[in-house]
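Keeping the supplied structure of chain H fixed, place chain Y upon it in accordance with the hints.
There are 2 protein chains.
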Amino acid sequence: MNSSSENLALLRDALKQKNIDVYIIPVSDPHLGENIPDHWQVIAWLTGFDGSAAMVVVTDSFAGLWTDSRYFIQAEKQLEGSGFKHMRPGPVPEESYIDWLVRNTGEGSRIAFDNRILSISHYRRLETKLLSKGVILKADCDLISDIWTSRPPLPSTPAFDHPVEFSGKERSVKITEVREQMRSLKVNYHLLTSVDDIMWMLNIRGSDVPYTPLLFSFAIIGEEQILLFTGENRIPGKLAQEFEKPGIVILPYEEVAGVLSSLPEGSSLLISPRTTSAALYFSIPESVNIFEDISIPSRMKAVKNRVEIENIGRVMIKDGVALTKFFFWIEHNLGQIPMSELSLAGRLLKLRSQNEDFLGPSFAPIIAFNQHAALPHYSAKTETDTVIEENGILLVDSGGQYYGGTTDITRTISIGIPSLQQKTDFTLVLKGHINLALAKFPFGTRGYQLDMLARKYLWEQGLNYGHGTGHGVGYCLNVHEGPQNISPSGNKILIEAGMLISNEPALYREGEYGLRTENLVLCYEDEETDFGQFLRFDTVSLCFIDKSLIDKSLLEQKEIDWLNSYHAEVYEKLSPHMTDEEKLWLKEKTSEL
Amino acid sequence: MNSSSENLALLRDALKQKNIDVYIIPVSDPHLGENIPDHWQVIAWLTGFDGSAAMVVVTDSFAGLWTDSRYFIQAEKQLEGSGFKHMRPGPVPEESYIDWLVRNTGEGSRIAFDNRILSISHYRRLETKLLSKGVILKADCDLISDIWTSRPPLPSTPAFDHPVEFSGKERSVKITEVREQMRSLKVNYHLLTSVDDIMWMLNIRGSDVPYTPLLFSFAIIGEEQILLFTGENRIPGKLAQEFEKPGIVILPYEEVAGVLSSLPEGSSLLISPRTTSAALYFSIPESVNIFEDISIPSRMKAVKNRVEIENIGRVMIKDGVALTKFFFWIEHNLGQIPMSELSLAGRLLKLRSQNEDFLGPSFAPIIAFNQHAALPHYSAKTETDTVIEENGILLVDSGGQYYGGTTDITRTISIGIPSLQQKTDFTLVLKGHINLALAKFPFGTRGYQLDMLARKYLWEQGLNYGHGTGHGVGYCLNVHEGPQNISPSGNKILIEAGMLISNEPALYREGEYGLRTENLVLCYEDEETDFGQFLRFDTVSLCFIDKSLIDKSLLEQKEIDWLNSYHAEVYEKLSPHMTDEEKLWLKEKTSEL
Chain H
0 MNSSSENLAL LRDALKQKNI DVYIIPVSDP HLGENIPDHW QVIAWLTGFD GSAAMVVVTD
60 SFAGLWTDSR YFIQAEKQLE GSGFKHMRPG PVPEESYIDW LVRNTGEGSR IAFDNRILSI
120 SHYRRLETKL LSKGVILKAD CDLISDIWTS RPPLPSTPAF DHPVEFSGKE RSVKITEVRE
180 QMRSLKVNYH LLTSVDDIMW MLNIRGSDVP YTPLLFSFAI IGEEQILLFT GENRIPGKLA
240 QEFEKPGIVI LPYEEVAGVL SSLPEGSSLL ISPRTTSAAL YFSIPESVNI FEDISIPSRM
300 KAVKNRVEIE NIGRVMIKDG VALTKFFFWI EHNLGQIPMS ELSLAGRLLK LRSQNEDFLG
360 PSFAPIIAFN QHAALPHYSA KTETDTVIEE NGILLVDSGG QYYGGTTDIT RTISIGIPSL
420 QQKTDFTLVL KGHINLALAK FPFGTRGYQL DMLARKYLWE QGLNYGHGTG HGVGYCLNVH
480 EGPQNISPSG NKILIEAGML ISNEPALYRE GEYGLRTENL VLCYEDEETD FGQFLRFDTV
540 SLCFIDKSLI DKSLLEQKEI DWLNSYHAEV YEKLSPHMTD EEKLWLKEKT SEL
Chain Y
0 MNSSSENLAL LRDALKQKNI DVYIIPVSDP HLGENIPDHW QVIAWLTGFD GSAAMVVVTD
60 SFAGLWTDSR YFIQAEKQLE GSGFKHMRPG PVPEESYIDW LVRNTGEGSR IAFDNRILSI
120 SHYRRLETKL LSKGVILKAD CDLISDIWTS RPPLPSTPAF DHPVEFSGKE RSVKITEVRE
180 QMRSLKVNYH LLTSVDDIMW MLNIRGSDVP YTPLLFSFAI IGEEQILLFT GENRIPGKLA
240 QEFEKPGIVI LPYEEVAGVL SSLPEGSSLL ISPRTTSAAL YFSIPESVNI FEDISIPSRM
300 KAVKNRVEIE NIGRVMIKDG VALTKFFFWI EHNLGQIPMS ELSLAGRLLK LRSQNEDFLG
360 PSFAPIIAFN QHAALPHYSA KTETDTVIEE NGILLVDSGG QYYGGTTDIT RTISIGIPSL
420 QQKTDFTLVL KGHINLALAK FPFGTRGYQL DMLARKYLWE QGLNYGHGTG HGVGYCLNVH
480 EGPQNISPSG NKILIEAGML ISNEPALYRE GEYGLRTENL VLCYEDEETD FGQFLRFDTV
540 SLCFIDKSLI DKSLLEQKEI DWLNSYHAEV YEKLSPHMTD EEKLWLKEKT SEL
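Residue numbers (numbering that gives the first Met the number 0), protein chains in the order written: chain H, 0 to 592; chain Y, 0 to 592.
It should be emphasised that the hints constitute simulated quantities derived from the structure, not laboratory data. Check the hints yourself; a few may be wrong.
Pairs involving identical chains hold if they fit within one copy or between any two copies, as the list cannot separate such chains.
As the list claims (entries may be wrong) - DSSO-like cross-link-like pairs, simulated, lysine-lysine; straight-line CA separation at most 30 Å: (1) 546 to 586; (2) 132 to 17; (3) 185 to 15; (4) 132 to 173; (5) 132 to 185.
Bound-form chain H, shown alone (with noise of 0.2 Å):
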């Protein structure tokens, strides 16, 4: 019994106390995002799983977890006797453990969640499917806190200010133009339960999680005041007096329920139905006009300002040199200092650190070497760590956060002599990059409406990657974030001139390798027509693709136009900042194909 089945054992005589038939925990927090702190890592603590998505659901005879195909193959390892059976999805994943409730329970059942980390459009879909079947939802169960007796406190870092030459913009005018939206949708308040939205709309970062700079937060806003829920230890005093002037007040975190249940009668408020939890939502009074929709910071800092793209346009370089020297040095040294997954990262990271507004990774990066890179979002472990030989497949995904902009970028490179299958493989994994990365596309368009780019030439024979294709990307922020996104998924969201998303068609051979092109796009206005304006990517991010790897024969001549171009900015742009060794190497890494 490995300590995952003994928390099983502890869930179950909590769930026989309180006379609950069925337990639901998904990977989550009260904010609702993709940053969990350890303190929500119940999953990961209950399972010994630790994706960044899944649903869990407990009987006295049944455990299962439910997750997306990025982590099959993890699952199916990390669960193993932990008493979790990996669960796998239908054709529409997040209703799939809904659908297991719906054919295992009955009229009587009673099924219970903490409706603190359970968002209320969440909480809808559970009603719609079970209340019909005479199944009982008990929303407000806790049964988590008093078993879990080692779990870390929540998160306690100091803000700092994110200042205005890297964002762009003040923060009493950005407050001022989210109030103008509020006063159009005539709504009084505004509550803000995704911590990138407060973190953007004020101009500040912390450091409660790795990787994204949050200062874990809720806020509302009002006609007057702004009210920030997060301590007052927590504003450091030069802040705090900034605040002052746009009138944002500092309460504490847990005061946020409170102080929505004393909203006036008749106001209206508008709020996330997504990453708003069903505890919040319950916790407005009745009489408050409810207006649902994306919060309005959301949809504004998905589209970059001017001074955002001029800095994301430099962090690329800077992220851009750092990923060159790392292939340099890797080409330069192997089969004499001995390489692993894990010493890589480390050197990867130390390039970066190099910059000087470089804050950390933007998340852990993925060096996966053969049969890991299989894994879409495999993070080498000290259990997993592998060498480096000298054949095979290197997959390295990584990014980095700067005051400047985030990024994110994948190469797959080959190390000795790649085989016919393999330089197969990438260049119909890079066909769909690329005809991505050429699309145009008229004002209107979803992202939904793109993916099919990227898949394509994949599809034709009769291959495909269980991801989407590309997801929004925030600026010195979350590294996937939306509204955006280039997915299958029915995302109504538009896409817009000054949106910044990943293109990042893939292929994984299961026990094999996997190989995966990740470039970020920038979205331009391209001509006006009678049929509209339409739009265009510009490609951002700057590193070689691994010539290697490519079958001309399966390209056609503008996509050989679109590499050829595309390396020649990469030497443009990222020479000037190299030795002349790396240079002259460099030079022929992105010489014409």
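Leaving out everything else, chain Y in the frame of chain H:
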């Protein structure tokens, strides 16, 4: 003042009398489908606009009509002098009039509509957007019946049998299969409001509206009985007798709300929220558990059975022969016999009518010359009828209802010598058509992922078309019949083997010409790989594509191959039914590019 503006004045009087600020009218009826009987053509009577999709909003100082881009040009023309303003929608057309309401109403505004013809899901959208503003929704407000004095009666044609040699499945078998799915969903009752669902399940048809063999009715499926609300006079004796065995009970049409209101306490009912009116929804007692999803027959009938697929193959030959003979006749008689859009429609109908199991056209044919072809849903009328001259573009979009299937096919042909731009446009549209026809995609793919395949080549040149690429097609039922489609709209229904869908990219140059190539495609299983079960399309419509409009230099080899192989199939299947002279001509029309 024309009759529309008189009617508007009458409606405004009624608004004043009832103390209503805003009156909303959809193009709709109590079944919320696309085929609206004359009795419910309120917008056509009120505004003069007779397109199949629109929302009208009337206040004491404003009268506006929203429709989608298919009807922009038509709306501009038909609304002239009506007192109604044509409102162009924003990026989410169906939300645009609601956004207008949000901006133009406030606390205490009284907004009214007839909830017998507004779906409950539409009603909820109104609630979500408007209630928080403090407006008052008056849902059961019929202002039309009193002022529309010459209103046509409700339809009253008799039902007829759709024999099993065409339907492929006895009605008793279909009923059993629907009940099996009801049991697995744990529902006791299933309300059917879509007339096509009822026709399919009971293997009956009617003649209530032009173009689609429907018998307007509601049905409630219970565990023992099926209540069919349509009136005894509508079901001929022999059918009524056959209905007894499977427990089909015939009740008056207007009793459906009453029966719903008396469903047993604690029972569960499946309804489809998009096709159930708010009025029917509100008639369901609170003690009934309501389950919401698209209807079971609607999913089942979308996947054609083996007998249906065989019949579709046969019908496509008959339909293709008629259309091919039609084009032969045009080419051999142009300049000798006067031809107009209307006279050609008559000739095409005559040719289709020579098929024994032909029931009638499946929609008002679009036979449109030059600038008329730029109106995607043009239908020639006496006052618009145009003579076919020596030079120009002729677009023919037509289809038939047969016992063995429903057809819908568009061909665009050049009369005389086409311009370079016409050839480029036609070829770009054709590239989209071919690439969608050639699509290969994994199970789990939605139509919105495939839409891009047909649009890409146009977008690259700053061109586009304002409608979806493909709609589902019924079987001796609606020519537009979901739930599947291929469009940017975000419909989450998966494309499955057995589904019949149109493939109809297009291009419209306002005031000049329009081009569209449409075939129906059936979805089949392709290979199964490590990456899942792949699917593909088989093009089933049969008629040559006008090579004189093709610029071969714009086609890739695989596109040329598709066209040559399609044309070989067209010749092989159609020529046995042609005269020698026609055969010779068709051989040339289908010769290799």
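With identical chains, the pair residue 132 and residue 173 could be close in the same copy or across copies; at 30 Å between alpha carbons, which is it: within, between, both, or neither? The answer is between: 25 Å across copies meets 30 Å, while 47 Å in one copy does not.
As a check of your reading, is residue 132 near residue 185 (CA-CA no more than 30 Å) within one copy, between copies, both or neither? between (38 Å within a copy, 8 Å between copies)
With identical chains, the pair residue 132 and residue 17 could be close in the same copy or across copies; at 30 Å between alpha carbons, which is it: within, between, both, or neither? For residue 132 and residue 17, the Cα distance is within 30 Å only inside one copy (22 Å; across copies 42 Å).
Copy assignment of residue 546 with residue 586, given that the CA separation must stay at most 30 Å: Only inside one copy: residue 546 and residue 586 sit 12 Å apart there, 48 Å across copies, limit 30 Å.
Alpha-carbon proximity between residue 185 and residue 15, which holds within one copy, between copies, both or neither at 30 Å: between (48 Å within a copy, 27 Å between copies)
The structure shown violates none of the earlier numbered hints.
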